[in-house]
Amino acid sequence: MSDSQSVAAHAETHNPALLHHFATEEQQRDASSFGMWIFLATEVMFFGGLFCAYLIYRGWYYGDFAAASKSIDAFLGGTNTAVLICSSLTVVLAIWAAQTARRGLMLAMLALTMLFGCTFLGIKGFEYRDKFVEHHVPGTSFSFHEEIPGHPGQYANPQHAQIFFALYFVMTGLHALHMIIGLGIFAWLFWMAWKGRFTPEYHTPLEIGGLYWHFVDIVWIYLFPLLYLIDRHK
Amino acid sequence: MSAHSKSSPLPTYFGVWIALLVGTALTYYAAKLDLGVFNAAVALIIATTKALLVALFFMHLKGAHEKLLKLVVTSTILFLFILLALSMADYGTRHFS
Amino acid sequence: MATATSQPVERENYLNKHYGVGSWLFTTDHKRIALLYLISITFFFFIGGFFALLIRLELLTPAGDLVQADTYNKLFTQHGMVMIFFFLIPSIPAVLGNFLVPMMIGAKDLAFPRINLLSWYLYIIGGLMMLHCMVTGGVDTGWTFYTPFSTAFTNTKIVEAGLAIFVAGFSSILTGLNFIVTIHRMRAPGMTWLRLPLFIWAHYATSIIQILGTPVVAITIVLVAAERTLHLGIFDPKLGGDPLLFQHLFWFYSHPAVYIMILPSMGVVTEIIACFSRKRIFGYSFVALSSIAIAVFGFLVWAHHMFVAGISVYAALMFSLLSYSVAVPSAVKVFNWTATLYKGSIHYDAPMLYAFGFLGLFTIGGLTGLFLAALGIDVHVTDTYFVVAHFHYIMVGGALMGYLGGLHFWWPKISGKLYPEGWARLAALIVFIGFNLTFFPQFILGYLGMPRRYYQYPPEFQVLNVLSTAGATVLGVGYLLPMIYFLWSMRYGKPAPDNPWNAAGLEWQTQSPPTTFNFEEQPVVTWEAYNYEEIDAPQKQEVPVVG
Chain A
1 MSDSQSVAAH
11 AETHNPALLH
21 HFATEEQQRD
31 ASSFGMWIFL
41 ATEVMFFGGL
51 FCAYLIYRGW
61 YYGDFAAASK
71 SIDAFLGGTN
81 TAVLICSSLT
91 VVLAIWAAQT
101 ARRGLMLAML
111 ALTMLFGCTF
121 LGIKGFEYRD
131 KFVEHHVPGT
141 SFSFHEEIPG
151 HPGQYANPQH
161 AQIFFALYFV
171 MTGLHALHMI
181 IGLGIFAWLF
191 WMAWKGRFTP
201 EYHTPLEIGG
211 LYWHFVDIVW
221 IYLFPLLYLI
231 DRHK
Chain B
1 MSAHSKSSPL
11 PTYFGVWIAL
21 LVGTALTYYA
31 AKLDLGVFNA
41 AVALIIATTK
51 ALLVALFFMH
61 LKGAHEKLLK
71 LVVTSTILFL
81 FILLALSMAD
91 YGTRHFS
Chain C
1 MATATSQPVE
11 RENYLNKHYG
21 VGSWLFTTDH
31 KRIALLYLIS
41 ITFFFFIGGF
51 FALLIRLELL
61 TPAGDLVQAD
71 TYNKLFTQHG
81 MVMIFFFLIP
91 SIPAVLGNFL
101 VPMMIGAKDL
111 AFPRINLLSW
121 YLYIIGGLMM
131 LHCMVTGGVD
141 TGWTFYTPFS
151 TAFTNTKIVE
161 AGLAIFVAGF
171 SSILTGLNFI
181 VTIHRMRAPG
191 MTWLRLPLFI
201 WAHYATSIIQ
211 ILGTPVVAIT
221 IVLVAAERTL
231 HLGIFDPKLG
241 GDPLLFQHLF
251 WFYSHPAVYI
261 MILPSMGVVT
271 EIIACFSRKR
281 IFGYSFVALS
291 SIAIAVFGFL
301 VWAHHMFVAG
311 ISVYAALMFS
321 LLSYSVAVPS
331 AVKVFNWTAT
341 LYKGSIHYDA
351 PMLYAFGFLG
361 LFTIGGLTGL
371 FLAALGIDVH
381 VTDTYFVVAH
391 FHYIMVGGAL
401 MGYLGGLHFW
411 WPKISGKLYP
421 EGWARLAALI
431 VFIGFNLTFF
441 PQFILGYLGM
451 PRRYYQYPPE
461 FQVLNVLSTA
471 GATVLGVGYL
481 LPMIYFLWSM
491 RYGKPAPDNP
501 WNAAGLEWQT
511 QSPPTTFNFE
521 EQPVVTWEAY
531 NYEEIDAPQK
541 QEVPVVG
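Chains as they are written, first to last, in our numbering: chain A, 1 to 234; chain B, 1 to 97; chain C, 1 to 547.
Pulled out of the complex, with its shape left as it was, chain A reads as follows (with noise of 0.2 Å):
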């Protein structure tokens, strides 16, 4: 009946990839892709949450948040951004390469991704270790005895300022959970790439990883300045 008329109607070739509840392998595709900036958009929503409770405290404490950010290395932060950056157009390209059936320069740049996401999560390993040493991770031997940038002589207060740390723990852990993620998805990419699965007529999950991707570099990008760079002038 219903059953194997529709197996008939599967028997006339088709990519093996398209899924039986498409019509077409387009409409598969935009679909996939459509369905990950819905996810990208709760992830926005997601990060948001930790942004507005920062822009508050920002403004209520701002001078202990200066003094807070200062003690972050600014330097480490920036090059963090340039190693993101580099990544995500080692993905741009690696997709490129998918489109043009260069086998090789989508593996390289595959690999060149993860290679730039653990040098991500290398450096920004050695930022928690310094904080760590320091100090100014929250909790019971937290101890902050900085000056606040533009007032010398005026401390800051080390409750407020341990609320910068706590924000900007769960702020750059949360980002880095969701890089560590990133970097599973990259490797299960390189996987389905090395056996040959993308062509340039289907290489969906590439472009789909490339998003998520994209967005954690973009959540990035407003980390950087927002953490790091508060009265770097003073």
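No wet-lab data here; the hints were simulated from the structure. For glycine and all other residues, C-beta sits at the position ideal for the given N, C-alpha and C. Some hints could be false.
If you anchor each label on the Cβ, the simulated ranges turn out as follows [what the hints assert, rightly or not]:
1) A:Thr24 / C:Leu487: 40 to 48 Å
2) C:Tyr342 / B:Met88: 42 to 50 Å
3) B:Leu68 / C:Tyr492: 44 to 52 Å
4) C:Leu448 / A:Tyr62: 44 to 52 Å
5) C:Ile124 / B:Arg94: 37 to 45 Å
6) A:Glu147 / C:Leu289: 54 to 62 Å
Add chains B and C to chain A, keeping to what the hints say.
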């Protein structure tokens, strides 16, 4: 989303990449200048420009054949803005009460 | 398809196509997933209802004599958490939405069937976590888990409950994501936006809220968990934090969440009213756009839950005005439903009884919401039983009535069996009477000053509380009846024709129960929604049918 037009997208990609790196350097060095209240604004404007570049060119939002994706992005940013702005409506006016 | 034809041999359908537990647990068929949800949320409804029963039993007497105060705190907290996160929010979208959305638009399945299954598994995992939390100590903060009590003072299992809700929230997000992509990308040829059933518009609007709102409560839960375990100070006033920040972030989601709960129900009611008035919905585009308007405006009003919490008076004023505006699209719907009924050919089948119940009770609930939006009144009745009555009128008198009406309406399609109409009408009546007896006294109690979340009260409030508890018992009977006869009908019910109500809509063009892929050939839509005039036209020619 897949094949662009006849011309290669590579120059665009590399151009955007350079722009992003320049923007990062700009952000870093502008932070060291004393622009008063505008320090934050400059940093955010540069950040937003960079984010737009990534979204439009790396995420192919510019070439999207339908307005739908742009609508999704715009709506999301709008609702994030609502969260931030209406919260600030409380925090910004508390000292008046 | 105009006349019923009962087949002697059972046709192949999505229920009998494959057998075995594995075929259910690893299914990607949206209809089977809908049934998996149906069973799970019914289970949690019982759990939440059990807590409600204990609450009402305690409140039979003015003294706190059934349970201790701490236990009572856990009862109302868990009643709220279970009912909201594990019953109401999934209910219609996950059961009726999953089942019907693809069929109503002429598709074979949702856009992402495997993500749909993942959605259910996440719901189950969250549910199990919540169950474990409740049996190993529970939570006592109220479902709203305000800080700093939840972060710095209570000893109950906040983190675990929070994580359970986080996981369930992810389930909700994935359902919303699936619906949005499906509705945009999988409509059959000819199914333009303005030909969609309004049930689809309602679920589309609901999905927007799920996508944009749920992540904010998710991050709030993360922050509460972090604050609680690491003593960060983000919400603790002693450490420079602001407890109101929690409330802003919490209500940014939790207010739109109530629209997640009511919008799908409005969609169901729209379908039922059109069918049982045998009329096109009056003002189709107004009803469609009002769903979107409710979704959007719903995000602008959250601080009306915080009027007395310490926000600035100016912010309170603004949110009060905005809260008035959000009532407008809801009122638009009520007027359009009423206009649809006018000069319609009304049939009083059980689904329609639930729809009528919805109309009246939702209106009362909505109007009392307006009372609460007025700052002057809110100052007096906030945190009293007035608020409790208000939201139960909407969530139980509104959302739950719609859910029951929808279950009855589409039961023949879902199960291939007819439920017993006489019992169904009786149950609807019992639900209506029980509901009003339970919750109307609570308006009066609140107005007279009885606070919510208290397990003891002054003796002068006892009569009203006894009435309320009596009503709850009646209500419970009313809810048990459908569970019994639905189960009964699966075995002993009369086989249902493909379109027992002669309703409009592509889902009625399929078999009852439908085959796994819904349609043998992709339908091509050439008619407007709710074309009851054509369907009921007094000729022998058949309803415009495809396939």
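Right, here's what the structure says about each hint:
1. A:Thr24 / C:Leu487: 40 to 48 Å: Because 42 Å falls inside the window, the suggested range holds.
2. C:Tyr342 / B:Met88: 42 to 50 Å: Given range 42 to 50 Å: holds, Cβ gap about 46 Å.
3. B:Leu68 / C:Tyr492: 44 to 52 Å: With a Cβ separation near 48 Å, B:Leu68 and C:Tyr492 satisfy 44 to 52 Å, so the hint holds.
4. C:Leu448 / A:Tyr62: 44 to 52 Å: Cβ of C:Leu448 to Cβ of A:Tyr62: about 48 Å, so the range 44 to 52 Å holds.
5. C:Ile124 / B:Arg94: 37 to 45 Å: The hint (37 to 45 Å, Cβ to Cβ) holds, given that C:Ile124 and B:Arg94 are roughly 43 Å apart.
6. A:Glu147 / C:Leu289: 54 to 62 Å: For C:Leu289 against A:Glu147, whose Cβ atoms are near 57 Å apart, the range 54 to 62 Å holds.
The structure fails none of the hints (numbered hints given earlier).
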